[in-house]
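Visitor: Residues per chain, in single letters:
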Amino acid sequence: MDILLQQIINGFVQGSVYAMVALGYTMVYGILGLINFAHGEVVMIGAMVAMSVIQLLISSGLPPLLILLISLIISIMVCMALGYSIERIAYRPLRKAPRLAPLITAIGVSIVLQNLAMIFWGRAYHAFPSLLPNNSHMLSGAIITEVQILIVLVALGMMGSLLLLMHRTRLGRAMRAVAENPSAAILMGVNINGVIAITFMLGSALAAVAGMMVSANYGIVHYYMGSILGLKAFTAAVLGGIGNMRGAMVGGLLLGLIESLGAGYIGDLSGGFLGSHYQDVFAFFVLISVLVFRPSGLLGERVAERA
Amino acid sequence: MRNVLKRLLPINKHGAWLAFVVLTIVLLALPFFTDELFGRGWVRILNFALLYIMLALGLNIVVGYAGLLDLGYIAFFAVGAYCYALLSSPQLGLHLPFWIVLPLGALLACLFGVLLGAPTLRLRGDYLAIVTLGFGEIIRIFLNNLNAPINITNGPQGISMIDPIRFGEFSLGNTHELFGLIFPSVHLHYYLFLFFTLLVIFISLRLEDSRIGRAWMAIREDEVAAKAMGINTRNIKLLAFAMGATFGGLAGGLFAGFQGFVSPESFGLTESITVLCMVVLGGMGNINGVLLGGILLVVLPEALRHGSGPAQQLLFGKTLIDPESLRMLLFGLALITVMLWRPAGLWPSNQRRRELVTENDAAQR
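Chains V and Z are the protein sequences, given in the same order. Using our numbering, you'd call the opening residue of the first sequence number 1 and step up by one each time. Using our numbering, you'd call the opening residue of the second sequence number 1 and step up by one each time.
Derived by calculation from the structure, the hints in this document are not laboratory data. Any given hint could be a false lead.
Heads up, incomplete: computed chain V residues facing chain Z, CB under 7 Å, no partners named [to be verified]:
1. ALA97
2. ASP280
3. LEU287
4. LEU291
5. PRO295
Some chain V residues well away from chain Z (every beta-carbon gap over 12 Å; in silico) [claimed, not checked]:
6. SER59
7. LEU131
8. LEU257
Where a beta carbon is used, it is the ideal one built from N, C-alpha and C, also for glycine.
Using the sequences and the hints given, assemble the complete structure.
Guide: Next comes the structure, spelled out in structure tokens:
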């Protein structure tokens with residue numbers, strides 16, 4: 001019983017990180033119909049910048065929470081600038097181009113970012129400085145650390161405020177209008193370029209927070225961490241129905257749970273034939289089976305009719 | 001044959017035959033020239049270029065003709081390569097001859113293509129992309145982990161000591177002397193790969209002009225309309241997956257025989273994406289474009305690998321940046337600039353270019 005609970009907790013923590021990154025994919029997809037393959041690298045850059053800032057400040061004697069906050073803000077700002085430039089350089093000129101052209105520039109951007117990170121920070125695994133005391137609590141047999149509690153709380157808070165932003169503000173309405181029908185949105189006086197730029201910046205800000213969360217949770221930063229995380233988050237976004245924000249949240253949490261439960265129980269289920277290293281197979285298998293029965297994802301309302 | 005030539009070399013009849021003769025001589029002499037001018041390593045790179053061209057042409061059927069975005073294409077390459085490796089190496093103690101193993105690998109890859117195609121027929125666009133991506137990852141993870149409890153694929157270490165490609169007593173693994181010329185092993189492989197590449201080009205061109213090819217393009221442009229015109233979209237889409245996968249499996253078998261060693265590392269997402277880049281960068285749906293993309297994306301990184309270290313020495317007097325990172329950095333920048341400069345690819349097909357213009361005017365949502 002306590003193993004089950006432990007796996008659920010781990011899955012929930014991992015899932016909230018996936019959900020945050022998946023939101024970045026899904027927001028861009030909803031507005032431009034484009035897979036932003038470079039998003040995973042933005043997460044990585046966010047984590048790297050946060051790590052560097054913390055390392056700079058750690059000996060300054062400031063209170064740990066303040067250091068954490070400063071590094072978070074700087075990392076968010078760097079990532080927002082990055083997201084804006086990616087959109088401006090690699091996607092905006094190609095908005096009327098064939099559909100696969102921006103996919104290739106996205107791949108190009110992600111290769112460039114990955115190698116820039118490798119040049120700046122090196123190939124080694126870096127330890128992410130732990131600022132918060134690593135206290136853990138017992139919860140009827142399962143262990144949950146304070147960092148994990150913080151991750152889940154921050155993620156829930158950010159997702160909640162994002163939903164508020166989308167549904168209660170003028171900006172949110174403009175974003176939804178552009179997603180629904182760009183030409184009509186222009187006619188209604190929406191500054192479509194501005195909205196798209198803001199979407200990228202919002203997604204990148206979420207990515208920065210997610211990057212910090214995932215590296216605080218595992219205590220490791222690496223130039224390659226973005227690709228696999230991005231892949232999982234994209235899977236989560238598709239699982240929930242890409243283009244749909246609630247779908248990304250549900251898909252992210254679900255993918256986290258599936259993965260951690262799969263890793264915990266796949267051995268028992270297959271009679272010891274398959275070990276826990278098959279957890280990714282499990283995740284993709286669930287994705288494929290969901291898509292076979294619901295071709296537009298769990299919460300996707302729009303039928304995927306773009307060729 | 002004349003039709004094929006006309007498509008590849010868009011010049012008049014006499015010019016086409018002249019070009020054909022020149023091209024034949026150049027292609028036949030290429031490994032010797034390369035060996036003389038750049039060294040043996042570049043003949044090897046040439047061979048890889050041919051393998052990648054085969055892959056790109058296979059993927060071109062799926063992505064370029066039928067318009068189905070496949071991000072896990074390398075899985076079929078892996079299937080072909082592992083089929084060869086398992087049936088023709090000490091791993092399972094089997095040493096079947098190459099002319100059985102290679103078709104078997106292609107057939108198995110074809111089967112996997114149908115296996116992937118069948119559940120994904122209802123998916124469109126990007127949903128299909130993520131499912132194919134997942135499929136590719138699943139294959140790679142299985143190859144990586146099928147060393148326990150029963151050792152089949154030897155896990156991450158991969159399978160080594162694979163038998164060389166052999167025609168009777170004539171092994172491509174050794175140096176041979178023919179017609180007074182010395183043919184090292186890489187040169188022999190070059191000619192074999194050239195033969196298969198030309199075969200794949202020929203099949204692709206004939207397919208493009210056939211009923212099936214037109215059906216693929218109809219599906220790419222508008223699946224509903226294609227269905228209304230009486231095209232059996234299910235079978236035709238499955239056929240695209242199967243054909244593409246077959247070429248992938250063929251290239252995989254050749255790769256295993258040439259390399260003598262396979263490991264799951266050669267079949268990651270990066271490789272799938274590289275092949276996709278070749279197809280899109282060169283010009284989707286156009287054989288010439290795909291050939292250009294394939295050659296460029298194999299030769300460019302290698303040239304950068306050899307050039308980025310010495311160039312830094314020359315400019316700054318020392319190596320400032322790790323050449324490997326610099327190489328990939330420049331590669332990424334090249335991808336971006338080429339796409340910004342020519343969004344439809346370097347060499348798009350005329351027909352496709354016309355279609356894209358109108359399609360985009362209409363697709364302004």
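Visitor: Next, verify each hint and record whether it holds.
Guide: Comparing the hints with the structure gives:
Restraint check, ALA97(V) versus chain Z: the minimum CB separation of about 3 Å is within 7 Å; hint holds. Proximity of ASP280(V) to chain Z holds as hinted, the smallest CB-CB distance being about 6 Å (cut-off 7 Å). For the restraint placing LEU287(V) at the interface with chain Z, the shortest Cβ-Cβ distance is roughly 6 Å, inside the 7 Å limit, so the hint holds. Because the smallest distance between the Cβ of LEU291(V) and any Cβ of chain Z comes to about 6 Å, under 7 Å, the interface hint for this residue holds.
Annotation: PRO295(V) was flagged as interfacial toward chain Z, and the flag holds, the nearest CB pair being 5 Å apart, inside 7 Å. Every CB of chain Z is more than 12 Å from the CB of SER59(V) (nearest about 29 Å), matching its label as outside the interface. Every CB of chain Z is more than 12 Å from the CB of LEU131(V) (nearest about 30 Å), matching its label as outside the interface. Listed as outside the interface, LEU257(V) is consistent with that label: its C-beta sits roughly 18 Å from the nearest C-beta of chain Z, beyond the 12 Å cut-off.
Against the hints set out earlier in the document, no violation occurs for any number.
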